[in-house]
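Okay, here's what each chain looks like letter by letter:
2 protein chains.
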Amino acid sequence: MATIDYQTDPSRYRHWKLAFDGDVAYLIMDVDQAGALNGGEYELKLNSYDLGVDIELNDAVQRLRFEHPEVRCVVIKSGKDNVFCAGANIRMLGKSTHQQKVNFCKFTNETRLGIEDSSENSKQIYLCAINGNAAGGGYELALAADHIMLVDDRRSAVALPETPLLAVLPGTGGLTRVTDKRKVRRDRADMFCSIEEGIRGTKAVDWRLVDEVVPNSKWKDTVAARAHEIAARSDRPKDAKGIKLNPLARKIEADRVAYSHVDLDIDRARGLATVTVRGPAQGAPASVEAAHALGDKFWPLTVARELEDAVLHLRSNEREIGVVLFKTDGNAQGVLDHDDFLSRANGDWLMREIRHYLKRVLKRVDVTAKSFIALIEPGSCFAGTLAELAFAADRSLMLIGTREGDNRKPAAITLGQANFGLYPMGNGLTRLQTRFLGEPQTLETLKGKIGAPIEGEEAAELGLVTVAYEDFDWDDELRILLEERASFSPDAMTGMEANLRFAGPETMETKIFGRLTAWQNWIFQRPNAIGEQGALKLYGSGVSPTFNKERV
Amino acid sequence: MATIDYQTDPSRYRHWKLAFDGDVAYLIMDVDQAGALNGGEYELKLNSYDLGVDIELNDAVQRLRFEHPEVRCVVIKSGKDNVFCAGANIRMLGKSTHQQKVNFCKFTNETRLGIEDSSENSKQIYLCAINGNAAGGGYELALAADHIMLVDDRRSAVALPETPLLAVLPGTGGLTRVTDKRKVRRDRADMFCSIEEGIRGTKAVDWRLVDEVVPNSKWKDTVAARAHEIAARSDRPKDAKGIKLNPLARKIEADRVAYSHVDLDIDRARGLATVTVRGPAQGAPASVEAAHALGDKFWPLTVARELEDAVLHLRSNEREIGVVLFKTDGNAQGVLDHDDFLSRANGDWLMREIRHYLKRVLKRVDVTAKSFIALIEPGSCFAGTLAELAFAADRSLMLIGTREGDNRKPAAITLGQANFGLYPMGNGLTRLQTRFLGEPQTLETLKGKIGAPIEGEEAAELGLVTVAYEDFDWDDELRILLEERASFSPDAMTGMEANLRFAGPETMETKIFGRLTAWQNWIFQRPNAIGEQGALKLYGSGVSPTFNKERV
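Heads up: the protein sequence lines correspond to chains A and B, in order. Quick note: the first sequence uses the numbering used here, first residue 1, plus one each step. Quick note: the second sequence uses the numbering used here, first residue 1001, plus one each step.
Just so you know, these hints were derived from the structure itself, not from any lab. For clarity, every value in this text was computed on a predicted model and none was experimentally measured. Every residue, glycine too, gets a C-beta built ideally from N, C-alpha and C. Don't take every hint at face value.
Once the Cα atoms are required to be at most 30 Å apart in a straight line, the calculated DSSO-like pairs of lysine-lysine come out as [what the hints assert, rightly or not]:
#, chain 1, residue 1, chain 2, residue 2
1, B, K1297, A, K181
2, A, K181, B, K1183
3, A, K449, A, K359
Label pairs and their computed distance ranges (CB to CB) [what the hints assert, rightly or not]:
#, chain 1, residue 1, chain 2, residue 2, range
4, B, S1544, A, E470, 31 to 41 Å
5, B, L1478, A, R154, 40 to 50 Å
6, A, A2, B, Q1033, 48 to 58 Å
7, B, P1010, A, E470, 55 to 65 Å
8, B, N1082, A, T546, 45 to 55 Å
9, A, E43, B, A1486, 25 to 35 Å
10, B, S1544, A, A2, 45 to 55 Å
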């Protein structure tokens, strides 16, 4: 299978257009029918989408946040007449492997959550203007917006026809957002999901599926007016200058992807990858202005972008890699200085963006179906933000003391304020809160250690790492762990990690990745959906699916 | 496949023994190796279990609550030397269909939640005394107890070896209870689930896997002492007399199961069943003593038992029934009078039991993989407790006015206090709270209507029912709905209902049925577990499984 590249930029978009009107941006979906990802053999008719379309959307949402501080409201609309978006392309789904379907849904879920994160935390607030039919993933995209407008032209409707048409779920957040965000009554939701043609007009408002319907004659003006009203609620700065997200400094080799501050090394024979993140070469900038001047060379932003790309690359392009080692390299104080800088400058729009970006990248790790193991060794800088990598890992191994012939200081974890609130997980808790759900008093102890290097034995004692080994045990213990992990069923690991990583409360976000996605993935394995007589396989063929009637 | 009967009684137990010591009961697992359910071709070695073993356990837990008010602590222990319980029988799992595996796990999950409900709400508190190895489902059973003791004999351990041995999850609550109830640190949970032989001794305490370890020499005395300490915390009455749960008045025919107050009619050609619940023939008893004297003939208890059996029968024995109609028949005031009686007598242990039993039965409906449709017609009694059936349904249809030639009053729903707190769902909310998550003000309006019959148009207006139809539309609309539902993929319905029924918060209970179960069911479809080269198929054969290494 061709490599999937998550990097793009507006000059390369085939499916989206951006237009600007003062503090309002229009994000216009105008899918190029012939623009299937990697030349896939399906046509993207009726603004239907595949992963390639969503990679552009994700890029646009990111760029709007960083490159356009002046944008306070983003209006998603369709560039085509009479159709907003027909959802995920069904031929594409029918041709996809199970892994591709699951990975596609995961990324689109993240993109939609990213839109919500933008509205909530960047105050770049999304409005969805549905000018035409919004079906399936099309309506699920709309559901990510804060405000949904539907044109009342006696034709345009919102619909979740996945169940009747395809025997799968509206699984990109659809069911969860309908019940938990829009708070649609469960029996109405059940009806809505059974009606292929969807619901239009005032009924869509009455059922809380959309926020307002607007007659065709007043459509443009009302959308513009609403966008400006929404923009007025934003706290984004008026006269700030955005920073440019330049192409990543990335070199892809056979067994390696090298970025400026991240290396990804692949050992396919062992099903093993190593992600090494390097701490900052320089100290924190002298001023917020200096940080702005660094642009995407500012270390926290660079790391966020490179780490994100590495994780996405691993998911899509290194499917048989089961275990990922997290390593860091550099000066802990440099990391902490940058964290402090980010915290102190939190009132600045760009620093806020960077913090939330790092949060989202760490969340991508939490929902990635690979076993993560952090290796905390001399020379590493698991401090503050980078310590989150250790707390996101399924296991963490720490070296006690030093290595023979290595005159670097013993490995240490250094906690910072960043670990106590900057990067909540999807469940709303910090990784440390989730980790110490059963011993909140430990959290208090740890707060008292902020800024102090915690070496191996103490870290193990405090529960910050899984185990600490002396040098003479390290290689053997690590080898045994990796061999053991490699011997387990990859599916069982995926299911186990999806449970153990999310102790405690659930949120709409975790329900989407837990409850909804897990059921959808189950259905994606069922013959009623994907078998030769299944609905997904037969869609469009004129032949009706034949279902096994057994209720499981 | 042979019919599965969920009814049993101690005289027929093959796998469990009950012993009593004052206010402590001992529930002793001593599985008859040759006692597989319906003559299944596997041996229940090492106290491993199948559905038949769990049906007895469920019966025992129920009877202890109703027949033994004097029991304040229940000690689960093994009747075999050196083994507590080896978990679900692996040969049984290997031979089971997907539906059987899913149904087995669902029932065992309900049984374990029933144990927790007993500890919490009946104050019949469970202690698990692990005298031997507790592996997989064996430890998951222990996890349901309030207090877990492990003998420290340098041999006995607790373990969740499902992942390394069988490539499936500890899916009967195991992963969720480890992280959310025992609050074991996630990386330790990850280690624990990777160690086939499990963890024993003080380490098991340090990791919060058990509450205490006790040397062999002090084992019996310490267990007894702990049981008596726990019993002292209970508020159960000292001198009360239990009531006997007699065999159900049940007549099983080809297309019908008839109970005293519940009828289950099967229309296999249409994939349709009808459950009709009859209201009480008599008014509420004159006194609590009179209610006790009625024993299992007391209407609310009768209905709970019969409805529960009907639902379990549908799940296991009518697998191709996709839609269940709920009907009621009788006098609404009679239902409300019984509800009032239950509420007023809530200080009485038996009335408390009955209320929680009804709650559990309604929860079984919530997690049953069938589409439920309530039909609210003249002559029905959807009032108070029975109105919960309408609120548990995926859709509800109500007749407006009367039918030609039918001189009964128009159909009505009558709300009672019961609908505002007696029967919380697994998510911790009432069905009405869940239903009106988006409009809490409606809940206030509804409270004002307690006791007043609400007829079709008003009920639809208030959102209590999905739709209300006049007589001349009724038959067509119902026919269309049933035909439509029957045309959908049964799997898609199962996944959709599992999402739409659980709006709002999640609890440990809903996480077990949502997150954990959904992932387990996904794994139960994966070749790595169930394929010819899968771990579940090859277990015990001496041949190692071959895994597809792709991470999904």
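* To do: Would you list, in rising numerical order, the hints stated earlier that this structure does not obey?
  => 1, 5 and 10
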